[in-house]
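Novice: Sequence:
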Amino acid sequence: MLQFRSLFVLSLFGFLVFKANGQDLTQTIRGTVFDQESQATIEFAYIIIQNGKPLGSTISENDGSFKITGIPVGRYNVMVTMVGYEPMSIPEVLVTTGKEVVLDIAMKQSVTELKEVTVKAHSRKDKPLNTMATVSAKTFTVEETRRYAGGIDDPARLVSAFAGVSVGNVSNNAIIIRGNSPKGVGWRLEGADIPNPNHFAGGNVAGGGAVTVFSSQMLSNSDFYTGAFPSEYGNAMAGVFDMKLRSGNNEKFEHTFQLGTMGIDFASEGPVGKPGGASYLFNYRYSTLGLLTKSKLIETDEIVAYQDLSFKINLPTTKAGTFSVWAIGALDEDTKPETMDSLEWEFDVDLKKYKWTQGLFVLGLSNTLNLNKSFYLKTSVTGSGLSSIFDVEKLDDGLQLAAYQNMANESSKITFSSTLSGKISSRLSLRTGIIANQLNYSLRLKSLIDDVPGSYTELSNELGSSYFYQGFVSAQYNVSPGLSAVGGLHMQYFDLNKKHSIEPRLGISWTLDENQELSMGYGLHSQIEELRVYFLKRNTQRARGVSQQRT
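Under numbering that gives the first Met the number 0, the first residue of the sequence shown carries the number 0, and numbering increases by one thereafter.
Careful: at least some of the hints might be erroneous.
[Stated by the list, open to error] Below, simulated DSBU-like cross-link-like pairs (lysine-lysine); rule was C-alpha separation at most 35 Å, straight line:
| no. | residue 1 | residue 2 |
| --- | --- | --- |
| 1 | Lys243 | Lys372 |
| 2 | Lys182 | Lys498 |
| 3 | Lys66 | Lys536 |
| 4 | Lys445 | Lys293 |
| 5 | Lys107 | Lys126 |
| 6 | Lys498 | Lys243 |
| 7 | Lys293 | Lys351 |
| 8 | Lys372 | Lys295 |
| 9 | Lys377 | Lys318 |
| 10 | Lys354 | Lys393 |
| 11 | Lys137 | Lys295 |
| 12 | Lys393 | Lys445 |
| 13 | Lys335 | Lys318 |
[Said to hold, decoys possible] Restraint-style ranges between C-beta atoms, simulated for each label pair:
| no. | residue 1 | residue 2 | range |
| --- | --- | --- | --- |
| 14 | Gln399 | Gly470 | 27 to 37 Å |
| 15 | Leu419 | Val110 | 14 to 24 Å |
| 16 | Leu102 | Ala435 | 33 to 43 Å |
| 17 | Glu60 | Ser525 | 27 to 37 Å |
| 18 | Thr334 | Thr510 | 51 to 61 Å |
| 19 | Ala402 | Ala435 | 38 to 48 Å |
| 20 | Thr68 | Ile297 | 16 to 26 Å |
| 21 | Leu511 | Val532 | 12 to 22 Å |
| 22 | Ile413 | Val110 | 14 to 24 Å |
| 23 | Leu419 | Asp347 | 20 to 30 Å |
| 24 | Ala402 | Ala162 | 44 to 54 Å |
I should point out that these hints are in silico values taken from the structure, not numbers from a laboratory.
Positions of the beta carbon are idealized from the N, C-alpha and C atoms, including for glycine.
Generate the whole structure from the sequences, applying the supplied hints.
Specialist: Laid out in structure tokens, this is it:
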């Protein structure tokens, strides 16, 4: 039995990927080419795959799509050129036999059109997806979350490798940006503000957790900001994660199963209905820690487990734009029994039995509509909620469990957002939008007062709601092919205290040559607290009475 357990534990740290076409040594690279500002598809763009020498090439169709088949497995540079646009190079694209490579390639319009374009392999891998970002912004790829040492498939830990960013310790992924509190980091998913998306969120540090709920199977390339971020981002003091979910394969079904250090990971994707149209992407994870503690392969009485589920359904239409339905959900559990043998008591916690359960959900519906070849409108409606329940019992003098503390903290939010983006010319781009939030919370707290027997009482039972509004406008002007300036304003209004803030944002980026760039930025930022900070009232009369009785 011991040998079996040892082999089973070792297998948990293996990495298994089942591939339907594992004997195939070639794969397909396909995707879509579109304008970075207007999101309009680009026809006749030239795409070439090379690794020292060209391996395949094609031209994008009238809907911006392209496909290159028969590419051997390996790493390649993907280069895209188009008259009137800056050449685009995507380095180190990994081609495997298990899945098709699907690329969404955004091209930036040139300030001046050239008769002849020379494509060079040099490119900035970390250049942000958001063209309005000029400083303190980096993009990270899904593959980087797997390749970076200590990343453990977690974007929050990955960014600790960036300048000015650190993680508190190995037990949590709280991000400290230039000395700012992790609570000041804002999170976005598919353009919508979301709660702290971590398992065991806020357990040790406000703003942190154990690991994010995002599986690398779901993510697309995303942006990370460490300061002076563009005016579309608000209600954050330290930095912003702008996470993107990729769309599923709309031509063929693909399924992946992994078993590794993080746990069981199952993903599935494929077309919905006729191939080439709608698609789905689904992922479920269950933690290795939960498997080990519940199966008693680890000698401990404490059970720590987490699981998450996420999906995205992409529904393109001919006239109404593209609709997306997406969601993430997480469940966490941490339980510990009391220690009955008094000879084993070392600390007060040994006399306590506790159970901490936490749940998170985010559900969103978005629509992206191309108004014309220059502007597009993205509108989203999102609902989110976070629930944390902590219950503690303690052995009394008769070695019987008695109620000691119970806290139920719940919050929810309904968000409507709409953003208009586009370009007036090759030099001038605009972006403006609004965000409206309905915020709700409830907090129930019961506790023993100063460990006095019979003093278990309700200290707080509060609930409340309010509204929080944001608006922004931003403009980018390309002075020359290497020099651009960005200016904008972000406005916030908190209905609870009738206060508002107006926050200017400025940025300049000057590309000296292909290896050097000078940039600077300025931003004024503000952030509201959780509603419970404003609403919380404590039952001081009961607490004072118990304290006087004890004295």
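Novice: Each hint needs a verdict: does it hold in this structure or not?
Specialist: Consistency of the hints with the structure:
Proposed proximity of Lys243 and Lys372 is supported: the alpha carbons are some 23 Å apart, at most 35 Å. This hinted pair checks out: Lys182 and Lys498 have alpha carbons roughly 21 Å apart, not beyond 35 Å. A threshold of 35 Å between alpha carbons decides the hint, and for Lys66 with Lys536 the separation of about 61 Å lies outside it, so the pair is violated. Restraint check for Lys445 and Lys293: the C-alpha separation of about 29 Å stays at or below 35 Å, so the hint holds.
Under the criterion of a C-alpha separation no larger than 35 Å, the hint pairing Lys107 with Lys126 is consistent with the structure, at around 13 Å. Distance hint between Lys498 and Lys243 is fulfilled; the C-alpha atoms sit about 32 Å from each other, no more than 35 Å. About 20 Å separates the Cα atoms of Lys293 and Lys351, which keeps this hinted pair within 35 Å; it holds. Taking the CA atoms of Lys372 and Lys295, the gap is about 60 Å. The hint is violated against a cut of 35 Å.
Of the supplied pair hints, the one linking Lys377 and Lys318 holds, its CA atoms being roughly 14 Å apart against a limit of 35 Å. Among the hinted pairs, Lys354 with Lys393 is consistent with the structure: their alpha-carbon atoms are about 12 Å apart, no more than 35 Å. Using a Cα cut-off of 35 Å, the hinted pair Lys137 and Lys295 is violated, with the two alpha carbons roughly 42 Å apart. As the CA atoms of Lys393 and Lys445 are separated by approximately 14 Å, the hinted pair is consistent with the 35 Å bound.
Among the hinted pairs, Lys335 with Lys318 is inconsistent with the structure: their alpha-carbon atoms are about 56 Å apart, more than 35 Å. Taking 27 to 37 Å as the suggested C-beta distance range, the pair Gln399 and Gly470 does not conform, at roughly 58 Å. The hinted window of 14 to 24 Å between Leu419 and Val110 holds, with their beta carbons roughly 23 Å apart. The hint said 33 to 43 Å for the Cβ distance between Leu102 and Ala435, and at roughly 34 Å that hint holds.
In this structure the hint that Glu60 and Ser525 lie 27 to 37 Å apart at CB is violated, the actual value being about 46 Å. Distance hint check: the CB atoms of Thr334 and Thr510 are about 55 Å apart, consistent with the given range 51 to 61 Å. Range check, Ala402 to Ala435: Cβ separation about 41 Å, and the 38 to 48 Å hint holds. Between Thr68 and Ile297 the beta carbon distance is about 47 Å. The supplied range of 16 to 26 Å is therefore violated.
Separation of Leu511 from Val532 is about 46 Å and departs from the stated range, judged on CB atoms against 12 to 22 Å. Between Ile413 and Val110 the beta carbons are some 42 Å apart, a value that contradicts the proposed interval 14 to 24 Å. In this structure, Leu419 and Asp347 break the distance hint of 20 to 30 Å, their C-beta atoms being roughly 58 Å apart. In this structure the supplied range 44 to 54 Å holds for Ala402 paired with Ala162, their Cβ-Cβ distance being about 49 Å.
Going down the numbered hints, you'll see the structure goes against 3, 8, 11, 13, 14, 17, 20, 21, 22, 23, while the others check out.
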